[in-house]
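Single-letter residue listing:
Number of protein chains: 2
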Amino acid sequence: MLVYCVSVQVKPGHEEDFRTATGINRLETMKEKGVLRFDVLQSQDDPSRFMLYEVYRSEEAVAAHRETPHYLKWRSVVAPWMARDRQGEKFKPLYPEGDMEW
Amino acid sequence: MLVYCVSVQVKPGHEEDFRTATGINRLETMKEKGVLRFDVLQSQDDPSRFMLYEVYRSEEAVAAHRETPHYLKWRSVVAPWMARDRQGEKFKPLYPEGDMEW
Numbered sequence: 001m002l003v004y005c006v007s008v009q010v011k012p013g014h015e016e017d018f019r020t021a022t023g024i025n026r027l028e029t030m031k032e033k034g035v036l037r038f039d040v041l042q043s044q045d046d047p048s049r050f051m052l053y054e055v056y057r058s059e060e061a062v063a064a065h066r067e068t069p070h071y072l073k074w075r076s077v078v079a080p081w082m083a084r085d086r087q088g089e090k091f092k093p094l095y096p097e098g099d100m101e102w
Numbered sequence: 001m002l003v004y005c006v007s008v009q010v011k012p013g014h015e016e017d018f019r020t021a022t023g024i025n026r027l028e029t030m031k032e033k034g035v036l037r038f039d040v041l042q043s044q045d046d047p048s049r050f051m052l053y054e055v056y057r058s059e060e061a062v063a064a065h066r067e068t069p070h071y072l073k074w075r076s077v078v079a080p081w082m083a084r085d086r087q088g089e090k091f092k093p094l095y096p097e098g099d100m101e102w
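Protein sequences appear in the order of chains A and B. Its first residue numbered 1, the first sequence is counted upward by one per residue in this note's numbering. Its first residue numbered 1, the second sequence is counted upward by one per residue in this note's numbering.
Hints in this document: simulated from the structure, not taken from any laboratory. A hint or two may mislead.
Repeated chains share a single entry, so a pair holds when one copy, or any two copies, can fit it.
Stated by the list, open to error - List time: in silico EDC-like cross-link candidates among lysine to aspartate or glutamate, alpha-carbon distance up to 20 Å:
| no. | residue 1 | residue 2 |
| --- | --- | --- |
| 1 | Lys73 | Asp46 |
| 2 | Lys31 | Glu101 |
| 3 | Lys31 | Asp46 |
| 4 | Lys33 | Glu101 |
| 5 | Lys92 | Asp17 |
| 6 | Lys11 | Glu67 |
For clarity, every value in this text was computed on a predicted model and none was experimentally measured.
Excised from the complex, chain A in its bound form:
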């Protein structure tokens, strides 16, 4: 199991665009059997800043996600709204332990 925390900075004025496109992507992503969570957060201090909290069963699940039509479409749709490259950091979950609580 692994977790990606992805930090996103959008250009001012594209907050709602990003929210909508990411909500659509999330709906499809949550149907993937290798995906346990896909939380979308917006910074309280800077509304142009978002965090994606993505929990996968395996590296293979990450690779599979990145080949899905919804991910590829999302990536291309949001590209012009990015203020900078997305920054993803990979983590190993310590707690909760096991799949059930995710």
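Knowing the structure of chain A, use the given hints to seat chain B on it.
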């Protein structure tokens, strides 16, 4: 509802200490009625780096958490192991919507 993403850097050699102390704190924290999640993650690139993913029902729940004996004890126990100040960022959850999926 709000989410804190707390970034922690421990001094090398204190990774297991931090994991154990934080696991104990988490057990008690998850009993608080204002706490929906309290995930503990360890960076894959740098084992001295941790992320706490804390989901609260309200600002009041955050304030209540910070007065609990387990939080105060944890804070004091881990203090000597910190390589730098913890960095917390506050987010508004966009998805999932509602309490049930947290």
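Hints the structure violates: just list their numbers, smallest first.
1, 3 and 6
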